[in-house]
Amino acid sequence: MTTFQPLSEAALALTLALFMLAPLAIAGVALINTGLGRSRSAAQSLLGSLAILAVSAIAFALVGATFIGAAGHTVQIAGKPWNWLGTSPWLLGGLGSAPAQTQLALLFEFLAAALAAILPWGSGADRCRLTAGCATAAILSALVFPLTAHWIWGGGWLAQLGVNFQLGAGFLDGGGAATVNVLGGLSALALVWIAGPRRGKFPKEGLSTALPGHNAVYVLFGCLLALVGWLAWNVAGAVVFLHAPLAALPVTAVNTLLSAASAVGATFAVTQIRFGKPDASLCANGWMAGLVASSACAGLVTPLAAILIGLVAGIFTPLLVELFELALSIDDPSGAITVHGAGGLWGLVAAGIFAGQPGQLVAQMVGVATLLGLILPLVYLLFWLLNRVLPFRVDPDGERIGMDLQELGGGAYPEFVIHRDESYR
Amino acid sequence: MKYAGLLVMPAGFFLSIAAVLLFPAPAPRAAFVLCGLAVEAMGLAVAVRGHMEELREKRP
Numbered sequence: 001m002t003t004f005q006p007l008s009e010a011a012l013a014l015t016l017a018l019f020m021l022a023p024l025a026i027a028g029v030a031l032i033n034t035g036l037g038r039s040r041s042a043a044q045s046l047l048g049s050l051a052i053l054a055v056s057a058i059a060f061a062l063v064g065a066t067f068i069g070a071a072g073h074t075v076q077i078a079g080k081p082w083n084w085l086g087t088s089p090w091l092l093g094g095l096g097s098a099p100a101q102t103q104l105a106l107l108f109e110f111l112a113a114a115l116a117a118i119l120p121w122g123s124g125a126d127r128c129r130l131t132a133g134c135a136t137a138a139i140l141s142a143l144v145f146p147l148t149a150h151w152i153w154g155g156g157w158l159a160q161l162g163v164n165f166q167l168g169a170g171f172l173d174g175g176g177a178a179t180v181n182v183l184g185g186l187s188a189l190a191l192v193w194i195a196g197p198r199r200g201k202f203p204k205e206g207l208s209t210a211l212p213g214h215n216a217v218y219v220l221f222g223c224l225l226a227l228v229g230w231l232a233w234n235v236a237g238a239v240v241f242l243h244a245p246l247a248a249l250p251v252t253a254v255n256t257l258l259s260a261a262s263a264v265g266a267t268f269a270v271t272q273i274r275f276g277k278p279d280a281s282l283c284a285n286g287w288m289a290g291l292v293a294s295s296a297c298a299g300l301v302t303p304l305a306a307i308l309i310g311l312v313a314g315i316f317t318p319l320l321v322e323l324f325e326l327a328l329s330i331d332d333p334s335g336a337i338t339v340h341g342a343g344g345l346w347g348l349v350a351a352g353i354f355a356g357q358p359g360q361l362v363a364q365m366v367g368v369a370t371l372l373g374l375i376l377p378l379v380y381l382l383f384w385l386l387n388r389v390l391p392f393r394v395d396p397d398g399e400r401i402g403m404d405l406q407e408l409g410g411g412a413y414p415e416f417v418i419h420r421d422e423s424y425r
Numbered sequence: 001m002k003y004a005g006l007l008v009m010p011a012g013f014f015l016s017i018a019a020v021l022l023f024p025a026p027a028p029r030a031a032f033v034l035c036g037l038a039v040e041a042m043g044l045a046v047a048v049r050g051h052m053e054e055l056r057e058k059r060p
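Going down the list, the sequences are from chains A and B. FYI, this note's numbering numbers position 43 of the first sequence as 43, with every residue one higher than the one before it. FYI, this note's numbering numbers position 56 of the second sequence as 56, with every residue one higher than the one before it.
Just chain B, with the same shape it has in the complex (with noise of 0.2 Å):
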């Protein structure tokens, strides 16, 4: 799972570029970076829940 989150977070940044790439106009290019972002946010909360999942079967 954590490595799952972790995958995910590419996929934020790529977002972000292709926001810059594809759209000239401030405004959608401003959202389109935002949603890039939250796609990184989401990445990262899947791979603190999968951190924590996996400690929680390690501990003694």
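Looking at chain A on its own, in the form it has when it is part of the complex (with noise of 0.2 Å):
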């Protein structure tokens, strides 16, 4: 268990209210999956999201959160210690008689894990086993996850680069833009190569075919939900992780739905441009970018820097979703990939660039390297393991009749009649 500045009472008690809502982020987050996937794979996306997040709390708490605490294994280089891995009593011993921001700090990161767990769940939509999300689930909350919020969080190497190299304040992620989000979407990216695109979405000849998500109003209710999600994720990690004074939280909420809110716009334009009308989708994919984006820095920067990091987010998250289909061949359903892995980085970059303090970009920046040269690789070889064993993708005549007839023996809509897919190849 990580130790952590004393709290006050009241701040004690509004993070703890806020960690009552910030579950609804993950049920946005799963509403959107299911919303962007197949009808055929309603039923298995939701059961997944919740088998994730159950299969996600256990293997946290059995082993992941043994290797978050702040003490830890430590070696000397070059005359400064580089604390790389955490220790705890195993199975959360003295959990019970621990500081009450210790515990707090710790259901942060339960929550946090579930939802990393989460993201790459929507990626492999309509083509993943159950039995492979859960197994992603359990790898990334026992062992990448701790590994990666002992670092930013817990006290590790990279929260030490302020005091150990003068890089700013080290490495800053309030909000867990690279502990859930970048991590989620470059888990995202990994399980896309491992499992490959859904069957006729690449044909030999011409371009990709379009398989839109089948609920729009499921989305965009998901966005909703998210936002009550990440404003009480943003300022709880305000509180928890940057020991911000309660009367800078209310700025952090200001942020964190500015930058959703520019975001959003800039998509709208974006697809008004481009397609002629607003794309709902892709304006869903940009709201949740400009969540994402302010995760890292809605607690450091300004309301006017808030607006242009949400911008930017909007504006290139529907040239990425495009740009990983038509040009690159990801076949990302949810988006997942350049929302949480793309946005994420983005917020931490911006988060270097706006909050103003010398070194703080190069700290980031060397976060950054962190996330993209040793957790993706690490991520894609753990996954690529685990498919040798129990193989991520179903069948292909599983696919064809839909992840809930193969999974599940029934359809989240039974009273629909299922045609057969004549687009199927």
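Simulated from the structure, these hints should not be mistaken for lab results. Remember, it's a predicted structure, so these values are computed and weren't measured experimentally. Beta carbons are placed, not taken as given, at the ideal position from N, Cα and C, and that holds for glycine. It cannot be assumed that every hint is accurate.
To spell it out: a stretch of chain B is covered by chain A in this simulated footprint if at least three of its residues, at any positions, have a beta carbon under 8 Å from a beta carbon of chain A; those stretches are [unchecked claim]:
1. 1-14
2. 28-36
3. 44-51
With the hints as a guide, dock the two chains, each given alone in a separate frame, to form the complex.
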């Protein structure tokens, strides 16, 4: 368990109340993933989110929480301490008698591990098995998330870059842009590379086939739920990890909202210009990218900077979604790679640009280099090994009839007649 | 090719860490961290290219 600076009773009460709202971020993402998938896989998608939440919580409690504590294994390199692995009592031992802020931080980490584990599930929609989703969640929550969270939130070497190398205040990530969103987005990329695209998505001749999401209402309502969750998430993160005073919290919430608002406005404009009409699912992606970018910097920047950060996120999101699908043959139904991966990376860099501390940008870039250069290959290797033991993909026939019938034996919308998919090749 | 790209990426990470350790002055430190990120970007580009080629061969 991580040890933190003492908080006032008011701050503790507020943070606990915010944590009751934070799961709405997970609910929003789950609903978005379901809406962006096909109707024949809707029940499996939402059940998968629930199962992943459960597996993630248990894996984190049994294994992950042990490696996230502040005290840890330190090596000396060039005369500087590098705290690379945390240590805590096994199986949450002594949690009940730990200080309240330590318990709150652990609750935050439980939720963060679950959200990070759900993100790749959306990218593997319509083709990945439930068991594979649960297994990837176990790996992320037990091994990769604790490692990353310890480095960033638990006083590990990335957090200590400021003390040891005079790089600003060290790597900053109050709302989990790196530990949750970039980790989840990069895991989604690894999963998509290993599982491959949905059948018929990229035909031998011509452009990729459009496989639109089946329910825009789920997607857009998921965005509204995610707003509530993200507001709670960013404000609670600012209290627990950035030690923000209570007076600074309303600005953090305002920055979160402004970033999302300017992002969705920008995406609306970009899709209006490119397609003649605004695109609902891309606007949802833009909204989420604005929220994700704000996770890194809402507690650090001014409202004007938050608007600029959201604006940039909203412009690159639809372009990157298109680039990934049309030019790079990456089939990502939920857009998690762009929204959470690229959006989170942009937020982390923006925190360095707009936070205004000398050396902060370099600290943020070292963090980005760690996520891309170390965490992505590590996750790919772990997922690749897992896929050898437990194949991610269902067989082609299962993919044709849909994941609901294949895995659950019944559909999410039983009154609908299931047609043979003529576009299936 | 995809694996080659993924193997290059940690090299960029170690370059960034070496920059933090070896250069106390802000300008060369920032420049070398950027170089590390550039190496990672090249590794990622190679990995993406490898993925596309693999996919093209597997297409029905």
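The hints, checked one at a time:
1. 1-14: Holds: 9 residues of the region 1-14 of chain B have a Cβ under 8 Å from chain A.
2. 28-36: holds (count 5)
3. 44-51: holds (count 4)
Consistency note: the structure conflicts with none of the earlier hints.
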